[in-house]
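Going down the list, the protein sequences come from chains A and B. Read in order, the letters of the first sequence are residues 76 to 414 in this note's numbering. Read in order, the letters of the second sequence are residues 76 to 414 in this note's numbering.
What the hints contain is simulated information worked out from the structure, not anything from laboratory work. One or more hints might be untrue.
Note that identical chains are pooled: a pair holds if it fits in a single copy or bridges any two copies.
List of simulated lysine to any residue pairs, SDA-like, C-alpha gap at most 20 angstroms [stated by the list, open to error]:
1) Lys255 <-> Ala391
2) Lys135 <-> Ser282
3) Lys255 <-> Asp120
4) Lys135 <-> Met182
5) Lys392 <-> Gly355
6) Lys343 <-> Arg114
Protein chains: 2
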Amino acid sequence: MAVENLAPRPLADASAVIDDLMAATGEGMEAVNRLILSRSDSPVDMVPEVANHLIDAGGKRLRPMLTLAASALFGRPGGNEIRFAAAVEFMHNATLLHDDVVDESDMRRGRPAARTIWGNQASVLVGDFLLGQAFLMMVESRDIDALGVLSRAAAIIAEGEVFQLAKAGDLSTTPDDYEKIIHAKTATLFEAATEVGAMAGGADSASRKALAAYGRELGMAFQLVDDVLDYGGAQGALGKNTGDDLREGKMTLPVILALQAGTEGERKTIERALGNPASGESQLADILAIFARYDCLSQTMAKAERHAEAARAALAKIPPSLERDILFSVPEFCTSRAY
Amino acid sequence: MAVENLAPRPLADASAVIDDLMAATGEGMEAVNRLILSRSDSPVDMVPEVANHLIDAGGKRLRPMLTLAASALFGRPGGNEIRFAAAVEFMHNATLLHDDVVDESDMRRGRPAARTIWGNQASVLVGDFLLGQAFLMMVESRDIDALGVLSRAAAIIAEGEVFQLAKAGDLSTTPDDYEKIIHAKTATLFEAATEVGAMAGGADSASRKALAAYGRELGMAFQLVDDVLDYGGAQGALGKNTGDDLREGKMTLPVILALQAGTEGERKTIERALGNPASGESQLADILAIFARYDCLSQTMAKAERHAEAARAALAKIPPSLERDILFSVPEFCTSRAY
Numbered sequence: 076m077a078v079e080n081l082a083p084r085p086l087a088d089a090s091a092v093i094d095d096l097m098a099a100t101g102e103g104m105e106a107v108n109r110l111i112l113s114r115s116d117s118p119v120d121m122v123p124e125v126a127n128h129l130i131d132a133g134g135k136r137l138r139p140m141l142t143l144a145a146s147a148l149f150g151r152p153g154g155n156e157i158r159f160a161a162a163v164e165f166m167h168n169a170t171l172l173h174d175d176v177v178d179e180s181d182m183r184r185g186r187p188a189a190r191t192i193w194g195n196q197a198s199v200l201v202g203d204f205l206l207g208q209a210f211l212m213m214v215e216s217r218d219i220d221a222l223g224v225l226s227r228a229a230a231i232i233a234e235g236e237v238f239q240l241a242k243a244g245d246l247s248t249t250p251d252d253y254e255k256i257i258h259a260k261t262a263t264l265f266e267a268a269t270e271v272g273a274m275a276g277g278a279d280s281a282s283r284k285a286l287a288a289y290g291r292e293l294g295m296a297f298q299l300v301d302d303v304l305d306y307g308g309a310q311g312a313l314g315k316n317t318g319d320d321l322r323e324g325k326m327t328l329p330v331i332l333a334l335q336a337g338t339e340g341e342r343k344t345i346e347r348a349l350g351n352p353a354s355g356e357s358q359l360a361d362i363l364a365i366f367a368r369y370d371c372l373s374q375t376m377a378k379a380e381r382h383a384e385a386a387r388a389a390l391a392k393i394p395p396s397l398e399r400d401i402l403f404s405v406p407e408f409c410t411s412r413a414y
Numbered sequence: 076m077a078v079e080n081l082a083p084r085p086l087a088d089a090s091a092v093i094d095d096l097m098a099a100t101g102e103g104m105e106a107v108n109r110l111i112l113s114r115s116d117s118p119v120d121m122v123p124e125v126a127n128h129l130i131d132a133g134g135k136r137l138r139p140m141l142t143l144a145a146s147a148l149f150g151r152p153g154g155n156e157i158r159f160a161a162a163v164e165f166m167h168n169a170t171l172l173h174d175d176v177v178d179e180s181d182m183r184r185g186r187p188a189a190r191t192i193w194g195n196q197a198s199v200l201v202g203d204f205l206l207g208q209a210f211l212m213m214v215e216s217r218d219i220d221a222l223g224v225l226s227r228a229a230a231i232i233a234e235g236e237v238f239q240l241a242k243a244g245d246l247s248t249t250p251d252d253y254e255k256i257i258h259a260k261t262a263t264l265f266e267a268a269t270e271v272g273a274m275a276g277g278a279d280s281a282s283r284k285a286l287a288a289y290g291r292e293l294g295m296a297f298q299l300v301d302d303v304l305d306y307g308g309a310q311g312a313l314g315k316n317t318g319d320d321l322r323e324g325k326m327t328l329p330v331i332l333a334l335q336a337g338t339e340g341e342r343k344t345i346e347r348a349l350g351n352p353a354s355g356e357s358q359l360a361d362i363l364a365i366f367a368r369y370d371c372l373s374q375t376m377a378k379a380e381r382h383a384e385a386a387r388a389a390l391a392k393i394p395p396s397l398e399r400d401i402l403f404s405v406p407e408f409c410t411s412r413a414y
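Extracted from the complex, chain A is given alone in its bound form:
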């Protein structure tokens, strides 16, 4: 879908895209942040303590910014975009709290995970609280269709996480299984974020679908890149944040491709390292050598690039605007993180 004004603009500095997105959504994000703060409060001290430990740690708040930018495309945001953006971020944070329990993670966003300070129990329950608050904010919007988008997303995300859990360490996991997992656990929330944004902005049905497709494709690219970053990026390099997926036995695309292409001996090497909490730099270096031999990381990046392209293409019929241009650049920002 070659549309002249949609040729990728050169990203001299990829991080500038996020600065642009922050600038374009700044006013709305202040309202979103106020809403997040007020809705994570509770007379039960442990609730805001746990919630704010995670929320204060920041993260880019990419999803709520996407919701606001999507709503701005259609010129009729009526206030619901603030609630939707906060609800999307709450759903994301609830998922992170539960994921930390599921993955037995010690760190999150560069801080000790909440569960290491307040225990698994608090992480489970405060996650539930945030999910309840997310739905309550959606109810306050009185938009039952947007509620449908988010509640469907909540069920699909959980289902995808269970599928990922069931497939952990399963050497017969296929690229198709992997695609289903990342579609459910990651792309679904990006899709919901941009779709409800479009709905809050008053998009017609075709534009709503376009924004849903944009979010979904961006989410796919985002997760593929994340899985490559867990092996040190497109070049495959050892670093302090590498190898977690390997140790947790997560069947991400690079590993699946390596198992398909490798020799019996290479499969054995991967098998020994996968899901082994003791896998360290030496095991990781062996795996990276196998990845390099069969282009597993670059094949994964190529797939990410295709999804990024599809995300851009989804914007083809959206009228030009500052927000459209920024959203157009986000997929490239996303893939550029891996290089």
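The hints should help you fit chain B onto chain A, whose structure is shown.
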């Protein structure tokens, strides 16, 4: 509120109340059970495995029956009562799955808890899935006000559970703290169950409030009785299901009353046993002796009886019907479990 036709009818056989309730809601419950079965299904095998392990174990399905009975009072059930009842039961099951992780329980409804078979991870994630499906069923009802009742309930329940967690083993917990905890974690879902039932039946605002109050008071009585049963019932007797709350350090009303009334030595005895996984029959017998000395179990039962009476009183202005008579007897069934 003495209304002649609301004098408690003698309960020759308390369990007959549940039989009556099952008979009165039988047809609707078949539809609810079909919906529960279809909505706990998933192409991800582990989802129905975990969900059905819990669901098949039964439990009385008291909450969805209350939803159906409440809707029948107003004569205009239009189908939404089936969705609401199934959603309430899904919320309850999601809570149980998460509670087992929080309490590190080994048993649930007489079976090994799901977490002991599939792990904490699956219990957390399948709980999340059931919660998402509950909201999706509510969305399909298109009743945004009923959705508000259930999403508010979800947040309050989680908040109450966090409060209970924060207070575990805290000797300064007051009867007022306890009341807040059981109101949030138990009474709120009973209240939501009967309130959304009334809404599905087309109740006016006053009747909706009456049914909400009925559910709330019944839920308070239910939890007080449950907490007495954990110490062997109103007579305080050792048995195979006694002492879990003690070992988990749960600050239930009998313990709070004993700490308030007891001597320094008795406080010490309670303190040593509370939250100690090794507390066995001997420790429990010591605690029961303290309870007997200060009427802690009978005071707790007296409180349960007051809530049961308030539940009955809430039905005062509801026109007589088979369902009204059954609902009128449920509080007495509930308290009779402890004698």
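Hints versus structure:
| no. | hint | result |
| --- | --- | --- |
| 1 | Lys255 <-> Ala391 | neither (26 angstroms within a copy, 54 angstroms between copies) |
| 2 | Lys135 <-> Ser282 | neither (26 angstroms within a copy, 47 angstroms between copies) |
| 3 | Lys255 <-> Asp120 | between (39 angstroms within a copy, 14 angstroms between copies) |
| 4 | Lys135 <-> Met182 | within (17 angstroms within a copy, 42 angstroms between copies) |
| 5 | Lys392 <-> Gly355 | neither (48 angstroms within a copy, 70 angstroms between copies) |
| 6 | Lys343 <-> Arg114 | neither (50 angstroms within a copy, 40 angstroms between copies) |
In terms of the numbered hints stated before, the structure departs from hints 1, 2, 5 and 6, listed from lowest to highest.
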